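J.: Heads up: the sequence lines are chains H and S, in that order. Per this note's numbering, residue -11 is the first one in the first sequence, and the count goes up by one each step. Per this note's numbering, residue 6 is the first one in the second sequence, and the count goes up by one each step.
Everything labelled a hint here was simulated from the structure, so no lab data went into it. Every value quoted in this text rests on a predicted model; they were computed, and no experiment measured them. A few of these clues could be false.
What the hints assert, rightly or not - Heads up, incomplete: computed chain H residues facing chain S, CB under 8 Å, no partners named: (1) G21; (2) R41; (3) A195; (4) I259.
To be verified - Covered stretches of chain S, as calculated for chain H (at least 3 residues, CB under 8 Å): (5) 24 to 38; (6) 328 to 335.
Every residue gets a Cβ at the ideal spot worked out from N, C-alpha and C, and that includes glycine.
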Amino acid sequence: MDTQRRNPLHSLVAAAGGNSLSSVIAVLFVIVGLSALMSDNFLSSYNMVIIARALAFIGIITIAQSMLMILGELDLSLGAIGGFCGVVGGILMVRVGLPPWIAFIACLAIGAAFGAINGLLVTLLNLHSLVLTIGMAGVYGGLNLVLTKGVAITGIPTSIGFLGSGTIFGLPMPFLIMLAFLILACFLTLKTPFGRYMYAVGSNTPAARMLGIPVDKVRIGVFTFAGFLAALAGMLMVARLGSAQPSIGDSWVLAPIAASVIGGVPTTGGIGSPLGAIFGAAIIGVIENLIVLLGVSPYWQTMVSGAIVVIAISLDSISRRYFKRA
Amino acid sequence: MAYLSVDRVSKEFPGVRALDDVSLDIELGQVHTLAGENGAGKSTLVKMLTGLDRPTDGRVIIGAEGPGEQDSHEAIAYVPQEINLFVNMTVAENLFMPFSRTHPGMGLFKRRNLEREAQSWIERFNIHARPSDKVTDISVSDQQLLQIARACTNEHMKVLILDEPTSALTDAEVDRVFAVVRDVVASGCAVVFISHKFDEMFAISDVISVLRNGRLRATCQADELTQDQLIELMSGEEIDTDTRLQPESSPGDLLLRVSGLSGKGFEDVSFDLRRGEVLGFAGLVGAGRSEVMQTLLGFLPKRAGEAEHRGRPWKFGDTRYAVRQGLAYLSEDRKFHGIFPGQSLRRNIGMSLFHTTGKKGVIAAGRERGIVHDIIASYDIKTSTIDKDIVFLSGGNQQKAIIGRAMACSPDILIFDEPTKGIDIRTKMDIYRLVKELAENGVGVILVSSEMDELNRCASRIITMYEGRISGEFNTESATNNELIAAIHGHTTEEPAA
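Throw the hints in and build the complete structure from the sequences for me.
T.: Right, dumping it as structure tokens:
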């Protein structure tokens, strides 16, 4: 390797590459450090809790999306599933009067079922998951509107409020729940045969089939788990807000995909892990938080965070090209 | 002075010296063959010639231009081993892509002009297709010729590099490629030819350069070299290529009986496989042999027919069932049907070990490492670490890893589909010995191959297929090469044995 030619820019680009987990973590630390320098309030515990809470919801969807992306699939209806399940949960609790816990569990089951429907359609009809789930997002999002007529359902029982706004040792409940599922997801993908099958399907589907790997079952399983996680995020959001907003999940579509790519899971599948994807989500979360702290006009915020995603994945691609050549 | 000179070129990769002080001259009007085992440095050298990569030391001099060589790489045309065409576009479109010569600037696209111009190329290269045919619809050999023709549409071309252009072709089709090569040489260009087949090297070459472990061993006039000398130069030792390697045990119980099987690309195929035998399947590319095997595996759908495995009816359409019943299939297409790119060697092999390493639902990492190490040792897989991404292993080592992975499931039927395609002679012999050993241990082996030599050497019986049907069955001891070749071309000289 020609070490003499490696200039500082090269090293920076390589480190930002995010191809390996350590470089994603390094980038996160650099950004956290810069943020702390740029804003005095950044490192305050109040602000940290804000970041953690925001990360919790996007993070749960990111876990789901990254597992699908390892398979080489995408589900653009996860946000719609989350929103629909939140609304159904609100209806079950407020209008039907079911005990909150039963409503909660029922919604998780509905989410898993919707995920399974996506998975079944993808495998049985051999559909492209990106296109299918754009359509399914319309179906689930439309059902949401049919049920709510666009009006929020208020009066959610306070007994489940703890799940949304409670804290343990100062850490928000949704964040802790996200961590628990992150550990579960990492265990599943990295330590079990099922997880290895996921990587096999993502890196070479025909070879996986020829080796007797149950490709379709793996796909349907991961879609189901992703639907379950989407419903969980939706219900936690309802618990947090104390009302079921029909708009829950609207912003959960693109950020988790960007987070996964930044965290080392390419859309082509086969490599990366949910852990890397969560660090990717954290990078996006910190940057979005910093934009607010710096008082950037709200009208600019969307544009700036979009541009940062583009820059991050461009750096990733550039660094990969450097690695190839070196 | 030679048109293309490689002057003391070395190339280093992390931990490997892929080329070490190599010098050679390539003269116009000659076929210059690069010979060497897998990993000898042929591909790296080709990358230096095409300008795809740069030497660490030394230089490549093109034409009389000397040091300022960068731009003159356009005189070098390269045809890769794999078919690399736009399969959903027409022959004419593929020939002239990206149309900078036929449609300079932003002119309107005129299909008729393009096809008229394509016709002369098709005739010159003897491609059996019309300019308007889609590339998916023409045969593999025509696709290969089309790739060569496309390279030759470059009017600055002086050197044409052909990287194993014949590895997917049968002997008759190879002749068509060679006719084209001679035509190109006669027009005053040089051809750099890479192949693993000795008869081809001697048939076409003027000069042969042998590489081993990144060093140039020798450059010889082809007619002053014998095959044994060449093998010795390539391998550094004498390899006995004459030995027959049929299993010495006699066939045992009936393992598999296939009756009247029909599917995509084949009709009414019936055969028996016994324990301890190596059953060869001969035929032209596209005769339907791989399709039969992939249908048995459950990868492709069957249309009619049935099979019995150890007396029990066989279930089609379910690869998981087939693998669990003890059938392992090693595809001819390592890249698309074999390896898991981006995954480590450990994970690639570990994929078949879960019956021992994944019993409790969690992978026993230590145990997995141990077994993978054993497999690497017993199949002599060369790698620096078991965590290396499998795409960085050479083709031969990838093939050994896949064989090791298949064997880890202790299959009783093992189907090798072109197991030695693109593999050097030494690894080939290793694989042949392995096939023999497996059969002697009671496995029923099916060997699908387009190389007569391979089938004659390894198989106990040979079934020939022609256009999707069985055209003959032969005992290797008694069959002559002529009979076999007639049968794979559809001229049946005797009825298939019952």
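J.: Taking the earlier hints as the rules, which of them does this structure contradict?
T.: 1, 2 and 5
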